[in-house]
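**Q** From first to last, the protein sequence lines are chains E and F. Note that my numbering has the first sequence beginning at 1, numbered continuously upward. Note that my numbering has the second sequence beginning at 1, numbered continuously upward.
Source of the hints: derived by calculation from the structure; they are not laboratory data. From the three backbone atoms N, C-alpha and C, an ideal C-beta is built for every residue, glycine too.
Covered stretches of chain E, going by a simulated chain F footprint (3 or more residues, C-beta under 8 Å):
(1) 30-43
(2) 87-94
(3) 107-114
(4) 311-318
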Amino acid sequence: MYTQALDTHGKEPAAAVTEADGPARRFQSRIDAEDKIEPKDWMPEAYRQTLIRQISQHAHSEIVGMLPEGNWITRAPSLKRKVVLIAKVQDEGGHGMYLYSAAETLGISRAQMLEQLLSGAAKYSSIFNYPTLTWADVGAIGWLVDGAAIMNQIPICRCSYGPYARAMVRICKEESFHQRQGFEIMLTLSQGTHAQRAMAQDALNRWWWPSLMMFGPSDADSKHSAQSMRWKIKRFSNDELRQKFIDITVPQAHFLGLTIPDNDLHWDEAAQHYRIGPIDWSEFQAVLKGHGPCNRERLEARRRAHEAGRWVREAAAAHAARQARRAGEPT
Amino acid sequence: MSETDWPLFEVFIRSRSGLEHKHVGSLHAADARMAIEHARDVYTRRQEGVSLWVVRSADIVASDPGEADALFEPARDKVYRHPTFYAIPDEVKNL
Chain E
1 MYTQALDTHG
11 KEPAAAVTEA
21 DGPARRFQSR
31 IDAEDKIEPK
41 DWMPEAYRQT
51 LIRQISQHAH
61 SEIVGMLPEG
71 NWITRAPSLK
81 RKVVLIAKVQ
91 DEGGHGMYLY
101 SAAETLGISR
111 AQMLEQLLSG
121 AAKYSSIFNY
131 PTLTWADVGA
141 IGWLVDGAAI
151 MNQIPICRCS
161 YGPYARAMVR
171 ICKEESFHQR
181 QGFEIMLTLS
191 QGTHAQRAMA
201 QDALNRWWWP
211 SLMMFGPSDA
221 DSKHSAQSMR
231 WKIKRFSNDE
241 LRQKFIDITV
251 PQAHFLGLTI
261 PDNDLHWDEA
271 AQHYRIGPID
281 WSEFQAVLKG
291 HGPCNRERLE
301 ARRRAHEAGR
311 WVREAAAAHA
321 ARQARRAGEP
331 T
Chain F
1 MSETDWPLFE
11 VFIRSRSGLE
21 HKHVGSLHAA
31 DARMAIEHAR
41 DVYTRRQEGV
51 SLWVVRSADI
61 VASDPGEADA
71 LFEPARDKVY
81 RHPTFYAIPD
91 EVKNL
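Chain E with its partners taken away, still in its complex shape (with noise of 0.2 Å):
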């Protein structure tokens, strides 16, 4: 799974300086003390209002992101690599199931969520409004983005709200198969025919910068990082991590005798880094807004997904209903 740095999308809520003071100061200071806050504790309503918008927009980027996966299913090139990706896919549904859950502690209903990921008002990544064109997309998906998302997401296992960090924890566990099985996508492919690497090689250069661009703007434009750092709820800033992901990523890139799409790529001896050219934010904030390649169709399909499981809950919910009554107990 998948958050960009989410804490980007929206608007602050006031922050904490207007609660009472006392109870602010004794929730900052068991911040402080690594103590976690539970769903009946008191906490800052700002507090409570960034969690609900990250967790929300978390939960909603594994549901989004079943759609780029989905559409390769059918045509999966065998029977294992079929099994694997309804596998994985599914486990993108189980890891939005938590995250609502965990947002649902805070007081939001998982229908209002849904609504506001339907109706548009909710952000989910932006990644997931880029097409899958070839089957190695799936492959540099595992690899890049569902790499990106964990270098991202293991500092939130230790995000001061306890229900988020648990559920962080779970899905981290199952992350690591997704990410392995992209790799091995990629290792077949560049070890393949001529086409086959080709194809490989495709892929990489146009996830690279998207897969980047995952962990929010760059730390001199993130506007929320600051609060986020000093609740707890956000570790490492969007450079940190970004840097990480790329150190670690080029050399799997080399390993598989692919190109990085970045000319101005190099090895920073002195500061024992790899150094990437600029990113091109225009592109970010275009997607964002709603003018990537599939931010229509992804949300589209939602829709229809939603409208067509109507008739589901509505006879599940009748047949509980009637089972009830049969057993004589209050509906």
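Chain F: place on chain E using the hints.
**A** Showing chain F alone in chain E's frame:
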């Protein structure tokens, strides 16, 4: 589009026989049977359990965090409930 959610259930898993059921999370379901089926899909995709409990969240009565001190503070100064409270000479064995 304002649908109401199915009831919320809390899910508990016994990871293997001999261990207690442990809370793992929650989910929505129309009834208890569906809750078990969903819990299977959502929480046990990797052999996490051999038994499931689901309980309607509305049926759980929880203590109030605001009363935590009143509930748990009295245990804090009763160190004599712990074996290390008692000084026994080293030469005495098997105690």
